[in-house]
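K.L.:
One-letter residues, chain by chain:
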Amino acid sequence: MNKKLLILTIALMKNGFSFPKEKSKKIKKILLFVVLALSLLPMAYGIITFLTSAYDELAKVGEEGVLLSLGIAVSAFVIFFFGLFYTMNTFYFSDDVENLLPLPIKSSHILGAKFIIVTVFEYLTGSLIFLPILIVYGAKSGGGVLYYVYALLIFLTLPVIPIVLDSVIVMIIMRFTNLAKNKDAFRTISAVIAIIFGVGVSTMSQRFVLNQGAGHTQLGNNSLVAITSNIFPASKLGALGLINHGNLSGLVYTGLFIIVSLLGFYLFLLLGNKLYFKGVTGVSVSSSSKKQISSAELSRKSIRSTVIKSYVLKELRILFRTPAFFINCILMNFIWPIMLLIPILTQPKSMNGNGIGAMVGLLQTEGITGMVFVAFFGAMLFVSSSNGIAATSISREGENIFFNKYIPVNYKTQIMAKVITGVIMGIVGMLSISIVAVIVLKLPLPLMALICVTSFLAILFSNFVGIIIDLFNPKLHWDNEQKAIKQNLNLVLSMAICVAFGGLTIFAVIKLNLNLIQIVVSLVAVYGLLDSLLYLFLKKIGSKIFSKIEY
Amino acid sequence: MIELSKVTKSFNSAVKAVDNIDLKVESGEIFGFLGPNGAGKTTTIKMMTGILAPDNGSILIDGLDISKDPLKAKKQFGFVPDSPNMFLKLKGFEYLNFMSDIYDVPTKERKEKIEMLSNRFEMTKALGDQIQSYSHGMRQKIIIMGVLIHNPSVWILDEPMTGLDPRASFTLKEMMREHADKGNTVFFSTHVLDVAEKICDRVAVINKGKLLFCGKLDEMKAHFKVQGESLEKIFLDMTEHE
Ligand SMILES: Nc1ncnc2c1ncn2[C@@H]1O[C@H](COP(=O)(O)OP(=O)(O)OP(=O)(O)O)[C@@H](O)[C@H]1O
Ligand SMILES: [Mg+2]
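Sequence order for the protein chains is A and B.
Each residue of the first sequence is one higher than the last, beginning at 386 in the working numbering.
Each residue of the second sequence is one higher than the last, beginning at -18 in the working numbering.
FRET-style restraints, in silico, Cβ to Cβ:
(1) 164/B - 689/A: 23 to 29 angstroms
(2) 896/A - -5/B: 56 to 62 angstroms
(3) -5/B - 926/A: 29 to 35 angstroms
(4) 541/A - 146/B: 53 to 59 angstroms
(5) -13/B - 816/A: 53 to 59 angstroms
(6) 36/B - 659/A: 53 to 59 angstroms
(7) -5/B - 797/A: 32 to 38 angstroms
(8) 191/B - 485/A: 38 to 44 angstroms
(9) 857/A - 191/B: 33 to 39 angstroms
Derived DSBU-like pairs: lysine-lysine, alpha-carbon spacing no greater than 30 angstroms straight-line:
(10) -3/B - 214/B
(11) 797/A - 89/B
(12) 413/A - 49/B
(13) 191/B - 154/B
(14) 686/A - 106/B
(15) 933/A - 56/B
For the record, the hints were derived by calculation from the structure and aren't laboratory data.
All C-beta atoms, glycine included, are put in the ideal place defined by N, C-alpha and C.
Take the sequences, apply the hints, and build the full model.
P.N.:
Encoded structure:
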């Protein structure tokens, strides 16, 4: 790789993952990684067990290769989906381009460096899904050195094409930002459009394919493969390369896969030079109307309210008005209902009867209600932690953390205001999922209401956990807002802990074979107790930790 | 009134950013805090306002200890930090209302105050816009307005004149005088010696964390036996790097 490009990439990334010099902070960081690894272990175990048995089943019919082609397809889709967020964050919400433009750096280097950063993020995403598949397949099939060499090459190349697609979509839409008057608002709306567009394209193309090929009942009916083999036809090459690693055709396929990806990257550079820089400059500009506020308007708007209400409102305003926060913390709450909708909407017409129908039927079955209940509860733990509002609430203050310390508002109140903000958005997310569940999956309304009331405890839990983690080790040194969230391990850690708790809860309920009433009572009791303990912890110890935070 | 006794702070054990400072600022006076870059002015002010905890010593604001009775002490002062880049996503009046809520300003009073302050600082046309769209000086003004709105008895300002145009800076100085004349305390740090000379009742000079001088400006001139010398010369001599 070009040396200058490498230096630039490292410089742009540095702020995110720098390792602290002070010893106490170093220990904290190492501890963070350990806890993170531990909380991911159960999930890893689950995934590997699942993959191993899937391999065995498929091997019985001599179709174990499906594991790879399916794995590559699913990974490419997940990479594409999260890539929409990553590219937006890295290309448009990190305000570093304006600082780079005056420097004597080639524009293709800026583009390349940003592309590499996104790619590295995607390796992390990929290692959660794709890596276990590659390893399980390799171990099971007894693949030699050559297999692992190909696997590594394909692992490294896989994100390229999805990211090219992501960035082209994002760049085209963002290209028009400069024409807009209120750039923040426009950027936010563009981001929403890009996501809807990305999801829409994949949904539509899948639907099209499924309707076309509704005749045969192959694995092609499996939704995600169809999406990806359509949008990312190249990903098939990767799978073929790996499956045939024993002979020459494997080499050819792998080589082709890499060449196609390189061509994609080249295309990205060409388009980027034309589209990117025109859309990205003038980032942090907002319009000013310079209009006098009338006395009547001022009276209407300056009404006294309580400290906590005013504080929550301030938090929400900042979350909604800062594009990077909006995308990651607010929009995230509406992503999950969409994710729930995709497989439903993409059901081919001919399958309607046994697709959703079967699902709806299944959900109505006696005895399954308890499962639905606890599954939703577990999902809410995850969903409400995924918006990261609580887990980044201290980090988001950044260098202005001093403000929190000189105002005469005690730390407990400030912590609770931040928790309430997260809880409000968590509830919004929960309600939007519930609406989908009631309308599309036809879950009975009373049941859904009961689920929501109980899941409130889950939302509270994930927000308490989030803010406690952030209090211990806030990431205050950032220079643009997206770093406070996207490159914040606190968010990952709080999600991992919430997922672990969700999984544990579901596991316990299944093992204990509880009925609905028992489930409700025990969930309320256990999480009610946990929430109370966390609240007491925050009140007593959280405030102390807050008072010790220094920039 | 502000009282510092034996206040010390070091960041990484080796160097003391603030070294054993004793300082008493009386009610009714404007007190200037002078010193070269990196002298320890901001660090001292951060400790006075409860942002940093001193390693040693105590700080009283109107008789209330900032570390023992933080909430009450914090209600006594208004603070203008050295960088005005806060709450950029809020609109001007939203920020002022937020500050009013935090400091319990009643509805009627806040409205009058907002109108009065925005007139005096010529900000009436900016209140409806996001602070992000303000110039540096306008940001400085809105922060100052946010402080004045709750009418604290003690003002603590870190380089408040930076970025203000002559008119705004004049208004601020005028307001500082009015405030002190009502028996309140004004404490501010600055590099601009002219400002210090014109409006301060007393000054302190700090260098490398140590207090070099504290008293009236004439006393300073007498102290250094350089009557007739410009203040600038005295300052340069005093803070000379060995
Ligand atoms: N967060 C920090 N970590 C480490 N050292 C610091 C920190 N803040 C300040 N210092 C050090 O403390 C000393 C005093 O800094 P301070 O900001 O108080 O200076 P100042 O008098 O306000 O300077 P200026 O006129 O430039 O604003 C400096 O040597 C500075 O390097
Ligand atoms: Mg300073």
